[in-house]
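This is what each chain is made of:
4 protein chains.
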Amino acid sequence: MAQTYPPIHYAEYLKVDDLLSLQKPKSEEYGKSAHDEMLFIVIHQVYELWFRQILFEIDSAIELFSGDRVDERDMLKASSLFQRIIEIQKILIDQVDVLETMTPMDFLEFRDFLYPASGFQSTQFRLIENKLGLVQRLTYNNQDYKTSLPQNKQHEVSATEESPSLFQLLEKWLERTPFLASEAFDFWKAYREKVEDRIATSRQHVMESELNEEVKTVHLKNLEQMDRSFHSIFNKSEYEKLQQEGYWRLSHGALCAALFIHLYRDEPILQLPFQLMTQLATIDENFTQWRHRHAIMVHRMLGAKIGTGGSSGHKYLKATSDKHKVFQDFFNMATFFIPKSDLPELPKEISDKLRFRY
Amino acid sequence: MAQTYPPIHYAEYLKVDDLLSLQKPKSEEYGKSAHDEMLFIVIHQVYELWFRQILFEIDSAIELFSGDRVDERDMLKASSLFQRIIEIQKILIDQVDVLETMTPMDFLEFRDFLYPASGFQSTQFRLIENKLGLVQRLTYNNQDYKTSLPQNKQHEVSATEESPSLFQLLEKWLERTPFLASEAFDFWKAYREKVEDRIATSRQHVMESELNEEVKTVHLKNLEQMDRSFHSIFNKSEYEKLQQEGYWRLSHGALCAALFIHLYRDEPILQLPFQLMTQLATIDENFTQWRHRHAIMVHRMLGAKIGTGGSSGHKYLKATSDKHKVFQDFFNMATFFIPKSDLPELPKEISDKLRFRY
Amino acid sequence: MAQTYPPIHYAEYLKVDDLLSLQKPKSEEYGKSAHDEMLFIVIHQVYELWFRQILFEIDSAIELFSGDRVDERDMLKASSLFQRIIEIQKILIDQVDVLETMTPMDFLEFRDFLYPASGFQSTQFRLIENKLGLVQRLTYNNQDYKTSLPQNKQHEVSATEESPSLFQLLEKWLERTPFLASEAFDFWKAYREKVEDRIATSRQHVMESELNEEVKTVHLKNLEQMDRSFHSIFNKSEYEKLQQEGYWRLSHGALCAALFIHLYRDEPILQLPFQLMTQLATIDENFTQWRHRHAIMVHRMLGAKIGTGGSSGHKYLKATSDKHKVFQDFFNMATFFIPKSDLPELPKEISDKLRFRY
Amino acid sequence: MAQTYPPIHYAEYLKVDDLLSLQKPKSEEYGKSAHDEMLFIVIHQVYELWFRQILFEIDSAIELFSGDRVDERDMLKASSLFQRIIEIQKILIDQVDVLETMTPMDFLEFRDFLYPASGFQSTQFRLIENKLGLVQRLTYNNQDYKTSLPQNKQHEVSATEESPSLFQLLEKWLERTPFLASEAFDFWKAYREKVEDRIATSRQHVMESELNEEVKTVHLKNLEQMDRSFHSIFNKSEYEKLQQEGYWRLSHGALCAALFIHLYRDEPILQLPFQLMTQLATIDENFTQWRHRHAIMVHRMLGAKIGTGGSSGHKYLKATSDKHKVFQDFFNMATFFIPKSDLPELPKEISDKLRFRY
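For the record, the sequence lines run as chains A, B, C and D. The number in the numbering used here is simply the position in the first sequence, starting from 1, with 3 added. The number in the numbering used here is simply the position in the second sequence, starting from 1, with 3 added. The number in the numbering used here is simply the position in the third sequence, starting from 1, with 3 added. The number in the numbering used here is simply the position in the fourth sequence, starting from 1, with 3 added.
Hint data in this document are derived by calculation from the structure and do not stem from the laboratory. One or more hints might be untrue.
Just so you know, same-sequence chains aren't split out, so a pair can sit in one copy or run between any two.
[Said to hold, decoys possible] Taking lysine-lysine pairs in the DSS-like style, the calculated list, with each CA pair at most 25 Å apart, reads:
no. : residue 1 : residue 2
1   : Lys-27    : Lys-192
2   : Lys-308   : Lys-197
3   : Lys-343   : Lys-80
4   : Lys-80    : Lys-35
5   : Lys-197   : Lys-224
6   : Lys-219   : Lys-308
7   : Lys-318   : Lys-244
8   : Lys-27    : Lys-343
9   : Lys-308   : Lys-326
10  : Lys-192   : Lys-343
11  : Lys-343   : Lys-35
12  : Lys-35    : Lys-175
13  : Lys-35    : Lys-18
14  : Lys-239   : Lys-308
15  : Lys-93    : Lys-318
16  : Lys-18    : Lys-192
17  : Lys-318   : Lys-356
18  : Lys-318   : Lys-328
19  : Lys-156   : Lys-328
20  : Lys-80    : Lys-356
21  : Lys-156   : Lys-192
22  : Lys-244   : Lys-175
23  : Lys-156   : Lys-27
Fair warning: this is a prediction, and the values are worked out from it, not measured in the lab.
Could you put together the complete structure from these sequences and hints?
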């Protein structure tokens, strides 16, 4: 308390009176008071407040990763931002339980008054998606998602389609990872050799084993498939083919660095970067979960249309929970790990750089 | 304490020593100790203990609903059983967070030792599915699910395919609902009239409104679709067609009763039955969520296969989260509700029977 | 959709622009931007929104229980209101995890700017306490809690000290429970006999048992204490003494009815009332938990004062988690249950009234 | 899969048959089957399984911190162990909800059969407490806690009272923190000067301000108290007095290092150590919460004894939630932080050692 500031009251600081004046049930306006509309308004306002906070943290993360170099002193900060987003997401998911205390019959009492308002029209949620780096969006009724946003927000949302997303900044940051290729050590080459060794040895083990022929064939087929898989990441042009098919999104260089960080995560300098990538995978997973819970809840509230006339909301939502992913590469990547004991040993020259010296 | 019993110690009562002797990491047996295998064993044993409890509750519920008549005195009991299952399911879902503290690299240290063990082989989970009433199961690698169970359990599991499931007992119980058709009152007929009125009035409102033609057309099309939808439940033969297509599973009579109970849930005798159906929908929803979280977790742990060689585990799991549903009718049904204020009024003769008299 | 209403947009319906304009960090105003202040504001606004919803539900519950007679048709509604409060409380508790992503060092960056604002000054929380029926409040720094509220709210809060609380209305409702005393059946007398029998039988079992003398003495002492305990509820004047000492709060008549409802909860007419009381106990438990988590969090954020100069915030909060209880009688009551098998049987005349007849 | 291992089945790997044979309800043995006893057994077995896992992680953590030097390469590992404990604890707390689906009346059906078994007698929980470093334990009925453990476990538990606890190892590790005192920089001296400056400046601000005299007096009194507080940590002999009074537990050297790590947590070498201490505080907080929930649940299940005859279980449990703390210093410490902007600047010579150089 090195300085004194004018005293302030809780109610004034938090604008409580203003806040509590923003719940305006339509059912009351129309003289057909429906008890559960208050909950419906309150929970959606709570969602918007949390979206505001998530956006605030994403903006900070984008700032941290925007420079040409990210200071290691900022790693803990970045990790804290991501952890906060994760904790908020858990609440977003869990509070669907609150909304589900409203039954379909309760909703029916005021549903018609809100037409065509929909969570679909949340500007902030679109900003979150764009700033994280969502690019391939499913369309609903064949319309650009921005047409359902308020007119005065469409420009702001468009702008985030152009400016660097967290995904893009992360990718650049990964691409800049040092240590991967030097005179002393070529990670990619060393890794490839180990992988090939491993597959060859496995093949031999299988063939020399006393397994029956049928089982042997299965094992050998699996090994062959593994061989081909690995080949597709070691070979840049094959990798880029898979990128075009949508299996990978990260550049080849970024993926290689991400792999390195996962495999050698115990090296001091890689500990926080590993943690960051794990957190981003969790953030993706949590939004997937949230969309999925949301979809089920909508199904429960509205039922399901019979017949083919138009896609129904809950099916669209369920589809987005499958497709609207940003950091899926951090999931797919696990296919390309090998056990710690089989990793190429880092030469002292490299491993020294990954540690503290004091 | 009307009688005295021999004193017993916590450790003896819970068989703690035996319990704690059942964790036998393969990685230790093979002399390649992997830290995270203990967690892997413990969490799966916890899952099996919870499955045991869920089965125990389902068995009790099946017993309660097995008679020719379910005593209203058993409604609270049934509701408690279902609520317990729900609370356990929340834990099943949340504890995936614990498993996710194991990273793919940690798993890789012992994964090969367990081949081909898989959660797929859990007998108890299959019993749960069968006893709840799952019938249409996705196949994995084109094999009957029972082939992956232990030999000595296959018979027990087969038996549950034949004996009455909770779904079937519920359906019978719904079919026996009185009050729906008497001289004084024919619910189905009265409801149909109200629905048709409602659609006709809406149509008129739209046509007389000052909406532009395009919007009018959309509204009218929606009303027409609603009309056809409702027709498909009022007409038994159309209903049965939808049943064959898999949209509905309940018999026409059971669905009609379920609808009645939802619409008039405030009547004292319908309060607990309404609550039971809501709980069963939640149980379905929770297993859906659990399968979905499980699928994502598997994806994260194992990555995703490239190419077409065989279906991958997480995709299968995700598909089951869509398809392995038992009480989906309680979700779909919401399409056929109309607001309370539009419901046919119950004649005093009926409503008296739905209340207490003292 | 029997009528058409003017279309409305999500942003307009939820007043999103207004809502998102209410976060005004002091640290920015003072040119000393502190990252975590946004979270601090957002989470407290979320708390206030949830308090609004809880108040809304409590008000509805108070209305339901205000008449001279509560219609059984309103039991499900009441139970839904309480369940909603419970689900919201879980979120209130869990979201402390979000606040704890702010570390003490982060808080220090803007703490001084807020002085002396405090959660203590939340008008809504006081209204919740009063409307539930909190009467004996710990004082903080020897001041009436209302002095810290905004001037223009003190009157509103005072008013709730006078108007009937949920506790009081519940008590009246319990007191009106029929069935307890009629020519056919005097519950209180029958229960007393059963209890006395049970204790006498137990005493005999102990004395005839082969337990050693020391253990016998312990058992007999326990039985004697049990005897005295039960005596204190069967005897109205002793009961009232315990009421004055603060052990009980409900009137003797209300407690007797609450006991009856718990013991015979399976009777159809008692199922929902039993459920309601269980929910109210849970609501109490949840606020206790919330205060406790809150206390620990404050301790963690601010540390603990050394020495005796003034009570520290977290100790006060912890004390309120012990003392600020409303429905504690529903907890204490468990001491006075006896097993189902030992209950007095209800004469047919009574039990018929507790069931449906159709 | 560099080697092939004998195939294993899920049921065999997890010893499912053995596991599911360990639930032996006493109520069945006595021919008085009580439905809820199964839940009671299952949930307590689940607790013991989780305790096993927590112990396993604590043992690993103890091993990591046992050497004369903790390799920075082990920091991420340690942090993962702690995070896993935290995730398990959340489940321990949340699953009380499952147990609370058992009502007091349900429990009464089998309670007498279990006498005097109690969670109190859990060996594993005592091991957890001792290995974490709990030393001052409240006594229950004036007996050493070990007398209630199984005879054959008492020795094992005693041994953990003697061997180094996690608390003690952490303390040694903190004491060894380099960087705190060198020719270039004496942290403790520099910090003291900054603190004194800060208080002096604040004093002056207050006196020169236009606040009224009463408010000034309050502020000045607070500053004086702050001054005395800080003095008590800067002065080793005063610190040790507070240690004897139980305010602090860490040695003076360890506390000083802990403070340094918190204040300069952004320095790369301090990021993980900071994270570890935060996690340990959370582990403490979670056990506190768990004890507290447990206490309330016991109260709800058993009621509360009237009068003074013996301490009741739930009050004892509540008291332990206040007193059984291990890492409380990490909470109290917050009192002695000052804002980042006021911290002594680290000389380049020091800050270079805290970063990577590559």
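Going through the hints against the structure:
1. Taking identical chains as interchangeable, the C-alpha atoms of Lys-27 and Lys-192 are never at most 25 Å apart, the minima being 64 Å within one chain and 38 Å between chains.
2. Within a single copy, Lys-308 and Lys-197 get their C-alpha atoms only as close as 54 Å, which misses the 25 Å cut-off; across copies the closest is 20 Å, which meets it.
3. Only between protomers do Lys-343 and Lys-80 lie at most 25 Å apart by alpha-carbon distance; the minimum there is 14 Å, versus 29 Å within a single protomer.
4. In the homo-oligomer, the alpha carbons of Lys-80 and Lys-35 lie at most 25 Å apart only across protomers (18 Å), although the nearest pairing inside one protomer, at 50 Å, exceeds that limit.
5. For the identical chains of this complex, Lys-197 and Lys-224 are intra-copy neighbours only, at 20 Å inside a copy versus 64 Å across copies, given an alpha-carbon limit of 25 Å.
6. Taking the closest pair of Cα atoms, Lys-219 and Lys-308 come within 25 Å of each other only across two copies (20 Å); inside a single copy the shortest separation is 50 Å, beyond that limit.
7. Taking the shortest alpha-carbon separations for Lys-318 and Lys-244, only the inter-copy value of 22 Å comes in at or below 25 Å, while the best intra-copy value is 30 Å.
8. In this homomeric assembly, Lys-27 and Lys-343 come within 25 Å of each other (Cα to Cα) only across copies, at 22 Å, whereas the closest approach inside a single copy is 59 Å.
9. Taking CA atoms no more than 25 Å apart as the test, Lys-308 paired with Lys-326 passes in both settings, with 22 Å inside one copy and 17 Å between copies.
10. In this assembly of identical chains, Lys-192 and Lys-343 lie within 25 Å of each other by CA distance solely inside one copy; the values are 17 Å within and 45 Å between copies.
11. For the homomeric pair Lys-343 and Lys-35, the shortest alpha-carbon distance between copies (12 Å) is at most 25 Å, but the shortest distance inside one copy (66 Å) is not.
12. Taking identical chains as interchangeable, the C-alpha atoms of Lys-35 and Lys-175 are never at most 25 Å apart, the minima being 56 Å within one chain and 31 Å between chains.
13. For a Cα distance limit of 25 Å, the shortest separation of Lys-35 from Lys-18 across copies, 21 Å, qualifies, whereas the shortest one inside one copy, 30 Å, does not.
14. For the homomeric pair Lys-239 and Lys-308, the shortest alpha-carbon distance between copies (18 Å) is at most 25 Å, but the shortest distance inside one copy (47 Å) is not.
15. In the homo-oligomer, the alpha carbons of Lys-93 and Lys-318 lie at most 25 Å apart both inside one protomer (23 Å) and across protomers (24 Å), since each shortest distance falls under that limit.
16. Neither within a single protomer nor between protomers do Lys-18 and Lys-192 lie at most 25 Å apart by alpha-carbon distance, with minima of 60 Å and 43 Å respectively.
17. Taking CA atoms no more than 25 Å apart as the test, Lys-318 paired with Lys-356 passes in neither setting, with 51 Å inside one copy and 41 Å between copies.
18. Taking the closest pair of Cα atoms, Lys-318 and Lys-328 come within 25 Å of each other both inside a single copy (17 Å) and across two copies (15 Å).
19. Taking the closest pair of Cα atoms, Lys-156 and Lys-328 come within 25 Å of each other only inside a single copy of the chain (24 Å); across copies the shortest separation is 40 Å, beyond that limit.
20. Both within a single protomer and between protomers do Lys-80 and Lys-356 lie at most 25 Å apart by alpha-carbon distance, with minima of 22 Å and 20 Å respectively.
21. In this assembly of identical chains, the alpha carbons of Lys-156 and Lys-192 never lie at most 25 Å apart, being 49 Å within a copy and 50 Å across copies at closest.
22. In this assembly of identical chains, the alpha carbons of Lys-244 and Lys-175 lie at most 25 Å apart only when taken from the same copy (20 Å versus 55 Å across copies).
23. Both within a single protomer and between protomers do Lys-156 and Lys-27 lie at most 25 Å apart by alpha-carbon distance, with minima of 22 Å and 21 Å respectively.
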